[in-house]
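Start from the sequences and build out the full structure, keeping to the hints where you can.
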Amino acid sequence: MENNEEEPIDDEFEDFEDEEDSREVVVPGEVLTEDVTNFLPGRGTILNKERNKIISLNIGLKQIKKNYINVIPLRGFYTPRPGDKVIALVVDKNPVKYKCDINAKDFGQLKPKNTIKKGKTRGFRGAGPMREDLNTERFDIGDILIVKVLSADRLNKPELTTVGKYLGKRTGGIIITIDPPKIPRVIGRNGSMIKMLKNLTQCNIFVTQNGRIWLKGEDIAHERLLIESIHKIASEAHTVGLTDRMQEYIINEKKKRGIE
Amino acid sequence: MPLIIKDEYPETLFREDGKRLDGRDLNELRPIKMEVGIVPNADGSAYLEWGNNKIYAAVYGPREVHPHHLSKPDKGILRVFYRMATFSVFDRKRPAPGRREKEISMIVADCIEPLLFLELYPGTSFEVFIEVMDADGGTRCASTTVAALALADAGVPMKSLVSSVAVGKIDGKKVVDLSGIEDKAGDADLPIAITWYNEEISLLQFDGDMNLDEMNEFLDLAKDALKEIHQIQLNTLKSKYIKLQEETLKQKDNKKGEK
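First to last, the sequence lines map onto chains A and B. Position one of the first sequence corresponds to residue 368 (the working numbering), numbered consecutively onward. Position one of the second sequence corresponds to residue 30 (the working numbering), numbered consecutively onward.
Hints listed in this document are in silico derivations from the structure and should not be mistaken for laboratory results. Please read these numbers as outputs of a predicted model, since none were measured by experiment. A portion of the hints provided could be inaccurate.
One-sided excerpt, in silico: chain A residues whose CB lies under 8 Å from chain B [claimed, not checked]:
1. Val394
2. Asn415
3. Leu424
4. Arg442
5. Gly443
6. His605
7. Thr606
In this text, a Cβ means the ideal position worked out from N, Cα and C, and glycines have one as well.
Listed below in structure tokens is the structure:
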């Protein structure tokens, strides 16, 4: 089941665009524009008290989309949102729920009813899952799970589920962590970067929004090359023409290391 | 019998040529060097060398609050831990946090808090650890400056940076950025911090004697110095990324030239 899995590509990852004019680095408090009649404050920006300047809130790249001014952050932390697929580590469990580390400020909660498919019913009328299934013996502490966030807000702990496509326990493979704001760059526009990485290194990759990347290749040499490439992408996320440069880098490294 | 060395101050704090003891002009800052991202395990970090001051700052968060009873249900909290290394001053500094450490931790936190959006992270805390490795006057100003830098490096949304500097009066003359000996032997000392979001004063402490007219002159004097410090902060945050951008652009140009 693990092999031949395709990475789902989200359409919302269009943050990093290869436009020359969107490469300006800004820092918190920097005035982005004083023209408030033509521009509106978008993501990562705020109006000042007199409402005559748009100010950046993050360290990031300035981007103008239509009449919105956004700042794409270069550093930051992961905030869970409903629908996100993330890699979780089971850190604790009790008879009613698992506690999962999802690289966010709160631990995620995984309840046993969210680990069982709903269609699995008892008797011909269907009376919900078997009582014996509603325990926490399916996973152990230390397991790596791919989960989906069911609900998340700033007050309550995020609720997770393992029912769905690509979700569930992972055995084997390697997990690496990078800065969560740089994940869109690893995927690239319409998944161009990740397709290139997959084709050139023949590895399976699963990129999740909380900054963790699961990967598994045929041998360790390819995996090592892939890990180095991903770290290189993360450190050069704010530069222009990254996909082409990475392609060149991987081909050169393959020649150097003698792997086909 | 412990060796007791009494503090001895020179009679005058100016040299014969009119400059200060370390060779600075009246409104000249000590040399400042800043770096960001030097603690790999922290979410954000910064290092500052300001004259003889050497200060590290590391930021962690948002994360759970320990002890839990300090957490607030409607907003996050900002906790600052200012500590001095035992070897940072002339006499051995006792490592336990005392009255002074608690005070400086509090003023740094109060100084930065209005710039953060803590209401977005209820029940959590941002923690800033400031370690003074070497102290020579003005560590509270330097700590505020470096804490803001570390928070920005961590990617915490904030309205602007904070810059801080001390101005004061030594031997009847108004000077900027007092060093350790000027701080102790001088007449007055006025640490100021400013938030650049709406240019409000975020910290103002005072020790010594001066009249109200002088106070206004001091504030004007400080503003020029603060602008200089703010510019260094901005350059430090940006240079890390701009360097890489320029390198890649150069490579691109070279390739085009080859073709």
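Checked hints:
Hint on A/Val394 holds. Least Cβ distance to chain B is approximately 5 Å, under the 8 Å limit. For A/Asn415, the interface hint holds, the least distance from its beta-carbon to any beta-carbon of chain B being 7 Å, beneath 8 Å. Restraint check, A/Leu424 versus chain B: the minimum CB separation of about 4 Å is within 8 Å; hint holds. The beta carbon of A/Arg442 comes within 3 Å of a beta carbon in chain B, closer than 8 Å, and the hint placing it at the interface holds.
Hint status for A/Gly443: holds, given a least beta-carbon distance of 3 Å to chain B, under 8 Å. Taking 8 Å as the C-beta cut-off, the interface hint given for A/His605 holds, the closest approach to chain B being about 5 Å. This hint holds: A/Thr606 has a C-beta 4 Å from the nearest C-beta of chain B, less than the 8 Å allowed.
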